[in-house]
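Engineer: Protein chains in written order, with the working numbering: chain A, 1 to 186; chain B, 1 to 186.
You may find that some hints are simply not true.
As the list makes no split between identical chains, a pair holds if one copy fits it or if it spans any two.
[What the hints assert, rightly or not] Calculated cross-link-like contacts (lysine-lysine; reagent style PhoX-like; alpha-carbon spacing at most 25 Å):
hint, residue 1, residue 2
1, Lys119, Lys177
2, Lys90, Lys5
3, Lys177, Lys155
4, Lys119, Lys5
5, Lys89, Lys61
6, Lys183, Lys5
7, Lys94, Lys61
8, Lys27, Lys155
9, Lys3, Lys90
10, Lys5, Lys88
11, Lys155, Lys61
12, Lys58, Lys89
13, Lys3, Lys119
14, Lys183, Lys90
15, Lys5, Lys89
16, Lys42, Lys61
17, Lys155, Lys58
18, Lys42, Lys88
19, Lys90, Lys155
20, Lys42, Lys77
Hints were generated in silico from the structure; no laboratory data involved.
Only a predicted model underlies this, so the values are computations on that prediction, with no experimental measurement involved.
Next come the chains, spelled out residue by residue.
2 protein chains.
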Amino acid sequence: MEKIKLGPQTLLFPMPAVLVGSKVDRKVNFMTAAWCGIASHKPPALSVAIRESRFTMKGIKENSSFSINVPSAGLVKKVDFCGIYSGKKKDKSKIFQIYYGVLNTAPLIEECPVNLECKVTHTIHLGSHTLIVAEIIETYINGDCLTDGNADAEKIDPLVYSPGTTQYQRLGEVIGKAFHIGKEQT
Amino acid sequence: MEKIKLGPQTLLFPMPAVLVGSKVDRKVNFMTAAWCGIASHKPPALSVAIRESRFTMKGIKENSSFSINVPSAGLVKKVDFCGIYSGKKKDKSKIFQIYYGVLNTAPLIEECPVNLECKVTHTIHLGSHTLIVAEIIETYINGDCLTDGNADAEKIDPLVYSPGTTQYQRLGEVIGKAFHIGKEQT
Chain A
1 MEKIKLGPQT LLFPMPAVLV GSKVDRKVNF MTAAWCGIAS HKPPALSVAI RESRFTMKGI
61 KENSSFSINV PSAGLVKKVD FCGIYSGKKK DKSKIFQIYY GVLNTAPLIE ECPVNLECKV
121 THTIHLGSHT LIVAEIIETY INGDCLTDGN ADAEKIDPLV YSPGTTQYQR LGEVIGKAFH
181 IGKEQT
Chain B
1 MEKIKLGPQT LLFPMPAVLV GSKVDRKVNF MTAAWCGIAS HKPPALSVAI RESRFTMKGI
61 KENSSFSINV PSAGLVKKVD FCGIYSGKKK DKSKIFQIYY GVLNTAPLIE ECPVNLECKV
121 THTIHLGSHT LIVAEIIETY INGDCLTDGN ADAEKIDPLV YSPGTTQYQR LGEVIGKAFH
181 IGKEQT
């Protein structure tokens, strides 16, 4: 297969499309992020890349905490809305039903089936973006998204962001059990 | 909807399932990773969380470089194999066709439609895992995975890792154009 050199690009597949929740000047705000990943098992931690100029960054700095909310595919319009418009210009505090967990500075979205409360531990300035590393201090999931006590992606029906063509997609067919199907490889 | 508190957990959806390529003691090795995300646009950078005890970590430390390879769903058995078995015990140098780009310390997988060459810039010890932040110095893509010059997730057919139930899935239907469908939200 012919390989084409594209120059350095941020092409990773698939990407999550999550909502970062924060309070900025005490007002609830949400920003869409695809550049979010898991950073550690113990303590449980994640990373999210955010531009310094973002309204959400102000809130994260004020409170050293934020939420990550995993939306279902049905929320695609609201998720994209939160990615297009800045909280500096649009009031995004009324788009979702909000609840709180342990912290009162990390607004959680009722309509999103998975919600993570996060406390900032590291801030790494990389250039256009700052990588925020945060400990996950609590996890919430809709009761109907569990199967035998485990979070079930098929029930969560998460939104997938595909860079390049910049599309949202849903998850497709299950093709194998992890830590198991590889045993068939010789 | 009833929310269930799970305690702090690394539940983010969807997750990529990528292959981290390195040279350990000059031998090519690959490790499967789901905990990989984009960290910055300029310079283009990514992060990947790896345990200190991993064979791959030795190679990354030796060379301050590695590759990230995005597999297609058809490679699921090989990908899972590289996640189950350590390079300390299994020779994983012959599973894939290898090629090299700019670096000779970041083996790239011919069969994977997207390949990124990476140079380490930051190493953050978090506990069970170390978060490696790296600049993406070159990107390669199969010529038949482009649409109008853009990487096309539907042609790449990437493997998705779903935590919780620990399954591999494929991508599903396209449900909207990003930075566009949100304008319909009022």
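Engineer: The structure should be examined with respect to each hint, and the outcome stated for every one.
Structural biologist: Consistency of the hints with the structure:
In this assembly of identical chains, Lys119 and Lys177 lie within 25 Å of each other by CA distance neither inside one copy nor across copies; the values are 32 Å within and 32 Å between. Proximity of Lys90 and Lys5 under a CA criterion of 25 Å is satisfied in neither setting, with 40 Å inside one chain copy and 32 Å between copies. Taking identical chains as interchangeable, the C-alpha atoms of Lys177 and Lys155 lie at most 25 Å apart whether they share a chain (17 Å) or sit on different chains (23 Å). Within a single copy, Lys119 and Lys5 get their C-alpha atoms only as close as 39 Å, which misses the 25 Å cut-off; across copies the closest is 17 Å, which meets it.
With identical chains, the CA atoms of Lys89 and Lys61 are at most 25 Å apart within one copy only, with a shortest distance of 20 Å there and 45 Å across copies. Taking the closest pair of Cα atoms, Lys183 and Lys5 never come within 25 Å of each other, the shortest separation being 34 Å inside a single copy and 34 Å across copies. Only within a single protomer do Lys94 and Lys61 lie at most 25 Å apart by alpha-carbon distance; the minimum there is 22 Å, versus 48 Å between protomers. Taking the closest pair of Cα atoms, Lys27 and Lys155 never come within 25 Å of each other, the shortest separation being 31 Å inside a single copy and 42 Å across copies.
Within a single copy, Lys3 and Lys90 get their C-alpha atoms no closer than 43 Å, and across copies no closer than 29 Å, so neither meets the 25 Å cut-off. For the identical chains of this complex, Lys5 and Lys88 are neighbours neither inside a copy (38 Å) nor across copies (32 Å), given an alpha-carbon limit of 25 Å. For the identical chains of this complex, Lys155 and Lys61 are neighbours neither inside a copy (34 Å) nor across copies (40 Å), given an alpha-carbon limit of 25 Å. In the homo-oligomer, the alpha carbons of Lys58 and Lys89 lie at most 25 Å apart inside one protomer (14 Å), although the nearest pairing across protomers, at 48 Å, exceeds that limit.
In this homomeric assembly, Lys3 and Lys119 come within 25 Å of each other (Cα to Cα) only across copies, at 20 Å, whereas the closest approach inside a single copy is 42 Å. Proximity of Lys183 to Lys90 under the C-alpha cut-off of 25 Å is restricted to the inter-copy arrangement: shortest distance 13 Å between copies versus 52 Å within a copy. In this homomeric assembly, Lys5 and Lys89 never come within 25 Å of each other (Cα to Cα): the closest approach is 39 Å inside a single copy and 34 Å across copies. In the homo-oligomer, the alpha carbons of Lys42 and Lys61 lie at most 25 Å apart both inside one protomer (24 Å) and across protomers (22 Å), since each shortest distance falls under that limit.
Taking CA atoms no more than 25 Å apart as the test, Lys155 paired with Lys58 passes in neither setting, with 34 Å inside one copy and 39 Å between copies. Taking the shortest alpha-carbon separations for Lys42 and Lys88, only the inter-copy value of 24 Å comes in at or below 25 Å, while the best intra-copy value is 36 Å. When the C-alpha separation of Lys90 and Lys155 is checked against a cutoff of 25 Å, the pair qualifies neither within a copy, at 32 Å, nor between copies, at 36 Å. Taking the shortest alpha-carbon separations for Lys42 and Lys77, neither the intra-copy value of 35 Å nor the inter-copy value of 28 Å comes in at or below 25 Å.
Consistency note: the structure conflicts with the earlier hints numbered 1, 2, 6, 8, 9, 10, 11, 15, 17, 19 and 20.
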